[in-house]
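The task is simple: from the sequences and hints, build the whole structure.
Residue 3 in this note's numbering is what sits at position 1 of the sequence shown, and the numbering runs on without skipping anything.
Honestly, the hints are just simulated from the structure, not real lab data. Note that beta-carbon positions come from the ideal geometry of N, C-alpha and C, so glycine has one too.
In silico DSS-like links for lysine-lysine, alpha-carbon gap of 30 Å or less:
(1) K78 x K48
(2) K48 x K125
(3) K48 x K122
(4) K122 x K167
(5) K101 x K137
(6) K125 x K100
(7) K105 x K137
(8) K122 x K100
What follows is a list of derived Cβ distance ranges for each label pair:
(9) S109 x E23: 36 to 44 Å
(10) G25 x E46: 34 to 42 Å
(11) N152 x A92: 18 to 26 Å
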Amino acid sequence: MPEKEREIEKKLLDMLSSLKEQGISPEQILGIVTKALKVDAKEETKVPISVFNNEFLGSLENIVKYLRENLLLSFKQIGALTNRNEIALAVTYRNAKKKMPAKFVVSEISPYSIPVSVLKDRKLSVLENIAAYLKDTFNLTYHSIAVLLNRDDRTIWTVYQRAKKKRK
Numbered sequence: 003m004p005e006k007e008r009e010i011e012k013k014l015l016d017m018l019s020s021l022k023e024q025g026i027s028p029e030q031i032l033g034i035v036t037k038a039l040k041v042d043a044k045e046e047t048k049v050p051i052s053v054f055n056n057e058f059l060g061s062l063e064n065i066v067k068y069l070r071e072n073l074l075l076s077f078k079q080i081g082a083l084t085n086r087n088e089i090a091l092a093v094t095y096r097n098a099k100k101k102m103p104a105k106f107v108v109s110e111i112s113p114y115s116i117p118v119s120v121l122k123d124r125k126l127s128v129l130e131n132i133a134a135y136l137k138d139t140f141n142l143t144y145h146s147i148a149v150l151l152n153r154d155d156r157t158i159w160t161v162y163q164r165a166k167k168k169r170k
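Next up, the structure:
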């Protein structure tokens, strides 16, 4: 361990012992640390495209599970980002956790990511929003989008055509 890391670790341990001496419980300390590490919901939050590379979850389930577990956002923050009800998001997360208990490991680096703000348009479904964003922004083929989202080409074509009609 390099010298600088040892210094930081020592300072952190001193701070933690000081907090314990002041009567702050380990749960409270953990809560403070968790709060400090959370991503601010005001930043442009993006979901890596590799999150969709599974056969178990739907599009919204993938997004909610990633935001909740990997970025440590609350349901209230996710609701504000996606223009959706917190309770519905909590149910979606619970269902996603049942289907896929393992945490997402984002190892594949891709030039594509989905800004969560794309989902604010409630006139379109989640998949319609994502397909339209990828098609319009990156000018990808239906096949490329289908491969990225782990869906059939015909599904992506149908979803994109439906999104185009709804936008008119």
